[in-house]
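Q: One letter stands for each residue in the lines below.
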Amino acid sequence: DAKTTQPPSMDCAEGRAANLPCNHSTISGNEYVYWYRQIHSQGPQYIIHGLKNNETNEMASLIITEDRKSSTLILPHATLRDTAVYYCTPRAYSGAGSYQLTFGKGTKLSVIP
Amino acid sequence: DTAVSQTPKYLVTQMGNDKSIKCEQNLGHDTMYWYKQDSKKFLKIMFSYNNKELIINETVPNRFSPKSPDKAHLNLHINSLELGDSAVYFCASSQMSGAPGEQFFGPGTRLTVL
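Protein chains in written order, with our numbering: chain A, 1 to 113; chain B, 114 to 227.
To be clear, the hints were calculated from the coordinates, so they are not data collected in a lab.
In this text, all values refer to a predicted model and were calculated from it rather than measured experimentally.
The C-beta atom is built at its ideal place from N, Cα and C for all residues, glycine as well.
Hints are not guaranteed to be accurate.
Pair by pair, the computed Cβ-Cβ distance ranges are [stated by the list, open to error]:
1. A:I39 <-> B:E195: 24 to 34 Å
2. B:G129 <-> A:A17: 47 to 57 Å
3. B:M209 <-> A:K105: 20 to 30 Å
Construct all of the structure, not just a fragment, from the sequences and the given hints.
A: The structure is reproduced here in structure tokens:
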């Protein structure tokens with residue numbers, strides 16, 4: 001499984017864009033990059049995923065470098081409710097139709113009023 | 114509408130006891146998972162279960178056993194509880210077709226072993 005490196009913490013002013021980097025230099029060709037977040041002690045919440053191309057949905061944008069060794073999650077207009085721990089996780093097929101996610105330490109994003 | 118639910122939310126018990134945590138999903142997903150989040154907040158996969166086939170993380174002690182009465186349920190049984198089992202346990206589900214890495218997590222069960 002690919003290892004990921006994320007900064008332990010980041011601050012972002014409310015209303016500004018939050019850019020959360022992730023290094024996954026050992027990711028293999030068939031591994032997608034998934035981003036989840038965990039607000040306080042709730043269950044993790046899916047945000048977005050990608051393989052090679054940049055992706056955008058209603059929550060965020062995902063920029064993946066051409067060599068796929070790193071990616072950046074962008075929250076375009078951070079709100080206080082976006083304060084959470086953000087996890088970048090590779091996803092590989094585990095067999096029997098299951099895809100086990102590997103969570104690292106994540107980045108604790110604090111959105112400041 | 115609750116997508117993935119777990120009961121109980123909190124569980125406090127003595128060392129050596131046997132306990133179960135229930136998980137139900139109403140999303141029609143075909144794969145379910147159990148994760149453990151320890152006191153240092155590391156979230157680790159324990160099991161994944163799809164179509165009666167179980168994938169076990171090799172580090173999970175055999176005191177832990179998942180049981181699936183049907184596709185919508187994956188319960189976690191823990192025998193001879195130890196202090197180190199204290200953690201928050203999350204159930205999750207996903208659909209193999211489409212975006213199988215998009216997992217929906219339950220609210221968690223905080224287990225405290227005294």
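Q: None of the hints should be skipped; say for each whether it holds.
A: Against the structure, the hints:
1. A:I39 <-> B:E195: 24 to 34 Å: Given range 24 to 34 Å: holds, Cβ gap about 30 Å.
2. B:G129 <-> A:A17: 47 to 57 Å: holds, 52 Å
3. B:M209 <-> A:K105: 20 to 30 Å: holds, 29 Å
Checked against the numbered hints above, the structure violates none of them.
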